[in-house]
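Going down the list, the protein sequences come from chains W and P. Residue numbers for the first sequence follow my numbering, so the first one is 1 and each next one is one higher. Residue numbers for the second sequence follow my numbering, so the first one is 338 and each next one is one higher.
Keep in mind that a hint or two might mislead.
Only part of the chain P face toward chain W is listed, based on derived beta-carbon distances under 7 Å [unchecked claim]:
| hint | residue |
| --- | --- |
| 1 | K425 |
| 2 | S538 |
| 3 | G561 |
| 4 | G565 |
| 5 | R803 |
| 6 | V891 |
| 7 | Q1083 |
| 8 | P1085 |
Think of the hints as simulated: they come from the structure by calculation, not from any bench. Values in this document were obtained by computation on a predicted structure and should not be read as measured data. Even for Gly, the Cβ is constructed at its ideal location relative to N, Cα and C.
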Amino acid sequence: MSLAEEIVQLEEEALERIGSADSLDSLGELKVRYLGRKGPVMAILKSLGQLPPDQRKEIGARANALRSKLEARFEEAARAFEETTEAASIDPTLPGTGNRIGAVHVVNQVMDEICRTFYGMGFEIAHGPHVETDHYNFEALNFPPDHPARDMQDTFFVEGDLVLRTHTTPVQARELERRQPPMKIITPGKTFRNEEISTRAHVSFHQVDGFLVDEGVSMADLKGVLVAFCKAFFGEGLKLKFRPSFFPFTEPSAEVDINCFLCRGEGCQLCKYSGWLEILGCGMIHPNVLETAGYDAEKYTGYAFGIGVERIAMLKYHINDIRLLFNNNVRFLRQFL
Amino acid sequence: MKISYQWLLELTGLDWPVDQVADRLTLCGTACEDIVSTARHMKNVVVGEVRDLKPIEGADKIRLATVSIGSETMDVVCGAPNVAVGQKVPVATLGAELAGGLTIKKTKIRGVESSAMICSQAELGLSDDHAGIWVLEADLTVGESLVTALDYDDYILDFELTPNRADSMSAIGIARDLAALAGVRINYPTYAINEDTELSSDHVSVAIQDTDACGRFTARVIKGVTIGPSPWWLQKKLIASGIRPISNIVDITNYILLETGNPLHAFDLDLFGSNQVLVRRAHDGEKFTTLDGKEHTLTPDVLMITNGTESVGAGGVMGGLDSEVKDSTTNILLEVAYFDPSVIRKSRRHLGLVTEASQRFEKGVDPNNAVHASNRAAYLFQELCGGKVLGGIVDNYPKPFAPRQVNLRPDRCRAILGAEFSAGRMKEILGNLEFEVSGSDPIECLVPTFRHDITREIDLIEEVARIEGYDAIDDADINSGPLFTPIHLEDRFIDDVRRVMTSAGYDEMLGHGLAHSKDAARLEADVPQLKIINPVSEDLDIMRNSLVLSALPVVAHNIAHRNLDLQLFEIGKAYFPPDNSGAGREEDRLLVLVTGSTPGSWRDKPRPCDFHDLAGALENLRGHFRWPQPSFEPATVPYLETGQSFAISLEGRSAGVMGALDPATGRKFDIKQPVFLAELQLSSLLALSDRQPVFTPLPIYPAAPRDLAMIVSESVRVGDIIDEIRSVAGGLAESVELFDLYTGKQIPKGKKSVAVAISYRSPERSLSSEEVEQKQQDVIAALKQKFNADIRDKQE
Ligand SMILES: [Zn+2]
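My request is simple: use the sequences and hints to build the entire structure.
Right, here's the structure in full:
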């Protein structure tokens, strides 16, 4: 092997070993071995004097080039080791510092999500008073005085012949008076029922009602909008079931069941093995309601629906006791960051 | 309401499986909530015959019965006093699963091996009658399975009926929906009465004083009845409809009530006290004892059935104790009447009673079916009690109800439903529901008088929809309504408040809005309260008039659960008594509170929260909404600590209060750690929130920073110092920041050291150092003059 070939081989070998060095120490050892005074490069340089003059220059240049190349590589590799060593001195698992964020109450999260979904379909938000007149809470919604349907409402009465609204539907009656069709509105908010507090019932709960009044609105439109809502809110592929029901302010009325979103209709504990969850009530606005608000019920028709927010929140997050929602234990609140 | 499945099949002639019956009815609005098999506790239960009965040594309550069950004869230990030799009895054998979770296994009782049991109705899940074993009818075949022998493979269907459908409160009522779904007609039960020549009118006359309250009253007499148990065919229908059989007379009235929906009442004719029925309002203060033994003091709200002088029944609600049918009864006065729904509601409310009768009357029964119901009952009295039915019915029906006519336009029906149902199909459905239909556009409908709920066209449209099924209506995929959907400022404001607060680490709480007047008293704030007239419990008797009323119990609840460090907020309403216009008064508020320690971290150690943490949260909001600089005036808020409570106002507009909770108030709520809270009026803040920022060019000339340390009296507010610096610097002080605040050893008592960093900068030119120095000296002079500030050299 000529000296030139030896230099090439030496370079290959050294570079390979630098590349596979696994620590700063072993790199140091390698450096001494290749570039040290007793190393092969130095040996070549020392032997230059014994070479014929025509080779001396060329081999000398090559050997010097190899020496500086290897020195550069050693330095580079050492720096890489130092850098990794420095980075490893951080423990990335230490908790980050700074402000933690707080939790929006889970009921408000769900209510907002329902509202946002309907907003995406063009429903505007409207609010009304919590302390209502009998007129807006009942009469204007086709609850005649002293009617059995009022028994379903478990009403709180307060001074001044007022009631705590038992649903947010009175906002519908108010908006019907205030606006002109077409109108497409949702009415989220707090409602009250005179019920003994238990795991399933509370004196207060939240509701999102919605309605559309225009010319030519039909029950098919109602079904369409609720199917679209459920798809957006609960996800694709869940069937809906519309069951005839009764609310004084709608006719025809329906209750809507959705395939249990946990078992997708197979049956599980959440849906009490029925495969279905009851999620909302709806119907075509009763002509008496439209007429009370001064509309020609022949010309205008509309639909309305109402969703219980706590019920949806409890189903969605498997919360088994409604009282947890109002106790405001922060360990509970922070589960819904 | 519970109804027997077999009964529905019998009335409709259908052979649908029970699930199909339940599902179809549910999907037409007659919701079946539960299905319970009558045979669920009859597996391995057979008909047995008691052959012998022997005492057991050392036991006086139990005996050893020898029972044949056909294939074998076995010894059974029995504790029932009514067991007797020769009886046919239900015998639960090995593996039977009885009501209450009892499974029959081999057991030893008093040394006697027993692997069977003679059952009561309760043990078979048929009633709650534990009185003794069930003695079966004598003609049953020994050894036969009980279900087969009793022909009792039935289901109890439990219906959740809507309040508009009074007509479904009977077997026939539910069968009508079922028949309409299947397109068949009801097999109406019939009667064949052998009327006696003696007439009911010889014994009774009927007068009605208030014909609006009592629209119809029929009376008839059945003589010579014998009281005894009802036959099994009747008992089993009652049991499968959730009614306990009592005796033939009571059972017949219950049965016809369940069959027709018309309540009936049987008086003991001989105890009635006269031969005249007078229906009138109760006298004020009149006393009356209902047959449940309760005495009531009446008002004219209650409608009474009287014998002319004394009351014998509260009409439509419950009969009286004195004229009740007893074991000795032989002659019956049978009442079938129609009462006005609202009258019965008032009556039963006054009496505090809800009965099978009142539930039906207050929703509306069919006045035109009263005579039919009376005939059906009379027929059964004749057949099952050996009664002699006197001729005729005394029927006082002053203003007969005529069927209402309501028209249906097929186009309207299609438009409302958005479905292409044919006029022919509409007619067919309404006909199947027993409407008399004629014509085709409009379809003219005579509404049967049992359908009080059908008053206008929309009601007919609903009938068509619910029988055809809502599935037959497609989901439209058009989205109509106004083109533009605004987001209202108020909603965005609330959203933003929520976002700013949670970003700052505050958790949102949600109050239910009700509160306890005692808690309100603990706050000692003289704020009017909105009282709840019918509270659900005494600790929720007012509406909160401050969010503090919701927050303090939440703090206490958390502390009790060892959550000591809280940063909470709530956006909600406070409620006040109605204003002069009669409308309720409500105010949107924001409550913010801190207590315990700051969250901290492994690097920044937690420290106790204080007033300034609360101030920081509010400054975040102020920054976000660009509210003007607030002013803080010392305030007297009874539940906040004196000297640490402030009224906040913005541009002269009152915005709320903030401060430290008075420790004594805290203790009343079981809170023993410092709490700092603010309650703000959102309407004031919203009004100041719609402010657009205007772009300020970024600085191009250098800033000249100067620090300034001074000693001032503790009573000097830092905010005033900063304001003064800004005002003296006349726009050249781009920022003035407090960077140190110190009171302590090195400072004289009553003084504090305040250090601020001032950054001088002009947007128009480079400031010369002379100019900056001059401003700084002006500032120092002003602070000395205004606050008597002792300016410190930097070196110190
Ligand atoms: Zn499920």
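Evaluation of the provided hints:
1. K425: violated (39 Å)
2. S538: violated (36 Å)
3. G561: Check failed: Cβ of P/G561 comes no nearer than 40 Å to chain W, outside 7 Å.
4. G565: Violated - the Cβ of P/G565 stays beyond 7 Å from chain W, reaching only about 38 Å at its closest.
5. R803: holds (4 Å)
6. V891: With Cβ-Cβ at 4 Å, under 7 Å, it holds.
7. Q1083: violated (32 Å)
8. P1085: violated (37 Å)
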